[in-house]
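Student: Given the structure of chain R, go ahead and fit chain X onto it with the hints provided.
2 protein chains.
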Amino acid sequence: MNRKLSLNAFAMACVGHQSPGLWARDDDQSADYTSLEHWIDLARLLEDGGFDSLFLADVLGTYDVYGGSRDEAVRVGAQVPVSDPIPAISAMAAATKNLGFGVTVTTTYEQPYALARRFTTLDHLTKGRIGWNVVTGYLDSAAKNLGFTAQIPHDERYEIADEYLEVCYKLWEHSWEDDAVVRDRERGIYADPAKVHDIGHHGQYYDVPGAFLCEPSPQRTPVIFQAGASPRGRQFAAKHAEAIFVIGPTPAAVRRTTSALREEAEKAGRDPYSIKIIAGLTAIVRESDEEAADLLESYRQSASLSGALALFGGWTGVDLAEYPYDAPLVHITTDANRSALDAFTRDADHEWTVEELARWVSIGGRGPVMAGSPTTVADTLEEWQQEADVDGFNFMYVTRPGTFTDIVTHLVPELRRRGLVAPAPATPASLRERLGTGDGARLSAAHYARSLQIAAPTPR
Amino acid sequence: MNRKLSLNAFAMACVGHQSPGLWARDDDQSADYTSLEHWIDLARLLEDGGFDSLFLADVLGTYDVYGGSRDEAVRVGAQVPVSDPIPAISAMAAATKNLGFGVTVTTTYEQPYALARRFTTLDHLTKGRIGWNVVTGYLDSAAKNLGFTAQIPHDERYEIADEYLEVCYKLWEHSWEDDAVVRDRERGIYADPAKVHDIGHHGQYYDVPGAFLCEPSPQRTPVIFQAGASPRGRQFAAKHAEAIFVIGPTPAAVRRTTSALREEAEKAGRDPYSIKIIAGLTAIVRESDEEAADLLESYRQSASLSGALALFGGWTGVDLAEYPYDAPLVHITTDANRSALDAFTRDADHEWTVEELARWVSIGGRGPVMAGSPTTVADTLEEWQQEADVDGFNFMYVTRPGTFTDIVTHLVPELRRRGLVAPAPATPASLRERLGTGDGARLSAAHYARSLQIAAPTPR
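Line by line, the protein sequences give chains R and X.
Residues 1 to 460, numbered by our numbering, are exactly what the first sequence covers, in order.
Residues 461 to 920, numbered by our numbering, are exactly what the second sequence covers, in order.
Just chain R, same shape as in the assembly:
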């Protein structure tokens, strides 16, 4: 088979994303994350190297479960300090022509009317290269600083997100008709007010009666990404997402998720393969297997185990600070934390200790790690593509930009040789066209957003 693979880079505006502590190495430049040059150089590297997009993760809180405080995360630089991912995008867009930009933004803490405008602005400025990874937030430490006493319960966050997207879709897809903007210089008419409509949204969580503030952008709706793996999250993804990030230790484990997702999409009336499933992983690629293995081993020596447990605490709510490193996880498992721990270890072939868990998480977070020559890694990726039934990969970094430089230098040429990577578009294309999830740059006509009704046009 020769399904093309979507190649994406996963990063975050901080020093330690999925490999805490690595910033301290001489060959790592993550600590330059506050400079524009760092991001511009990264964007150019990825575009020239054949990546489809750069995905920027985000959190609005600190990881403060481990040991009951944020101290270890702050000390190690594990996702804190963290900048807003959006402001650097236009500088990266100006330095590139084809690279897409996905950005994680939560639906819980800001009004949709304002966020919808920010995304449309980004879509205009990038000429249709923007995607939105829709999340609902998971850190109590964020909720408490953003007007809530604690995180809203998980499933209700998805109810809110559902309505949030409905509001955004109405603004993006239905408020301004395709021919509303006429730019008639002779008659001095910029837009035809009869073709700009109030959306009249009055829902359970949001009241947005008015018209959108922006004229339609190339994609109108940014490409919708989602990563929720819970039953409610999968249902949400099947309804909204054009691409879904999945993560799991083995192709078999991921296959269970992709099957469930494609099934859910079919239930929602969509072609199950119209949704692109992108697996997160870490690939260390050098000329030979040995060189790559040595490099990975050297990375492992640099990784911070306490930083890994700080991240683990935030992701799962399980505080492992009170246990010695050699404690077997099986003795720590309780009814309350079983599913969290299982998710991390279910395909492991033996009972892990706290230290083994920390070592695993400390490079590449929750995702699998592979190291090898271009041939070895390309073989493994083909295996993933087939066994896990995924459409592409979201490559995490260990060092930034080192991990990406190695992928561009060693891996992409091999993937190209095998015909697994589409050539860069001859003329700049939108992110949606590059992913092939819609009708050209626009959301597919079959997508739920396109069929939404807005209030009857204002009588005039």
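Treat the hints as calculated values from the structure; they're not laboratory data.
Incorrect hints may appear among the rest.
Computed cross-link-like contacts, DMTMM-like style, restricted to lysine to aspartate or glutamate with a CA-CA straight-line distance of at most 20 Å [to be verified]:
hint	chain 1	residue 1	chain 2	residue 2
1	X	LYS557	R	GLU37
2	X	LYS604	R	GLU163
3	R	LYS97	X	ASP492
4	R	LYS97	X	GLU497
5	R	LYS144	X	ASP658
6	R	LYS144	X	ASP667
7	X	LYS604	R	ASP207
Tutor: For chain X alone, kept in the frame of chain R given last:
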């Protein structure tokens, strides 16, 4: 006297900011506002031309008072459609070294915890070149789409803004100590958690118990700009602002405002001249008086009177759609709208008609308009500097970038010849250093923000 003048450009991410309808001229490029290139070219023009900063206005609603609908604003492109001003900034920053960027953001519609992070991110990425024009919003059409049934009453908006800034200051100035970030690569310590503090803010409008998400940026607090002219607005500005935008038809009218502001600052315990007062105006500059006058006349022919009345309606709440153009304003004045109309016409030497008001507003909005040779306009600006006691100007555009190109080409050289403009800094400086309002890049030690207390450091 030879006080240097601060030169700033005033623009907005839309086609018609203060001169509605001009976008339709062949010599205007405003309709390219959705492209990054438009903004990058503008930033380079301003930096090379000796401007200190570019200020970006914003509204989150449409002007829908005139005729009871937004239709005229949409037709003419009067501040609608309008993009988010923030996303383009990093691309402009990457293309410049010294230009500052001020941006208008309201305190009414977003949590301070998230906005504080966005500003710190911008301050990092621009290397200390960011300013915030703090506004509280004035359009009902914005409030209704952002979770309110109507605009919060004027003075209460300032109460909220006061606490909003208090939260931001605590996050920016007090959460992370100066030496909290150590970046100790040997020991793998990014920051010292003992020097990162919860702010423990529990106020009337906001609860923000935690620590800031960002490490300190060059300026920490962005340069604080303000433009409120009401008594409550002046009091707010005297407490917070490092620079204040004023607008008025004549030097004498503006002098009344600057005197009141400097008095209010003194009452608030600040050096009245530590606050920079920047007057908004429109200057049409060509080689000769005649050429400039002709150009202005040609601009007036292109301006949209209905667009002007649409803007006027949004600014004042007064709908002039029901009156004929030749109706004298004196007959329209009621108790309810007197102050709004007076503010526009108080220095006029005769009773205006609706049409005269519309003509005045249609070029340069509420501000004065001057046209002439470099000598004439420089003379007028010197007169303003002295009579109105202002520290600089915020130049509005009629055509974009035409008005700015003319200022750069014709006016700035004349101002330089007179020693009224400081040379560009030899090495890149922060916006605050360029304005001279603080202690280097940091807020002045005398500023209220610096003396705020946060909750006692978390015991550990």
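Student: Hint check: X/LYS604 vs R/GLU163, CA-CA at most 20 Å. Holds or violated?
Tutor: Measuring from Cα to Cα gives roughly 17 Å; hence the hint holds.
Student: Take the C-alpha atoms of X/LYS557 and R/GLU37, compute the straight-line distance between them, and say whether it is at most 20 Å.
Tutor: Measuring from Cα to Cα gives roughly 12 Å; hence the hint holds.
Student: When you check the alpha-carbon spacing of X/LYS604 and R/ASP207, does it fall within 20 Å?
Tutor: This hinted pair holds, its Cα atoms lying about 8 Å apart.
Student: Within a Cα-Cα threshold of 20 Å, do R/LYS144 and X/ASP658 meet the stated pairing?
Tutor: 12 Å, holds
Student: Need the status of pair R/LYS144, X/ASP667: alpha-carbon distance at most 20 Å?
Tutor: Within the cut-off at roughly 8 Å; holds.
Student: Would you check the hint for R/LYS97 and X/GLU497, treating anything up to 20 Å between C-alpha atoms as holding?
Tutor: Answer holds: R/LYS97 to X/GLU497 is near 12 Å, not above 20 Å.
Student: CA of R/LYS97 to CA of X/ASP492, is that 20 Å or under?
Tutor: Distance ~18 Å between R/LYS97 and X/ASP492 Cα, so the pair holds.
In this structure, none of the earlier numbered hints is contradicted; all agree with it.
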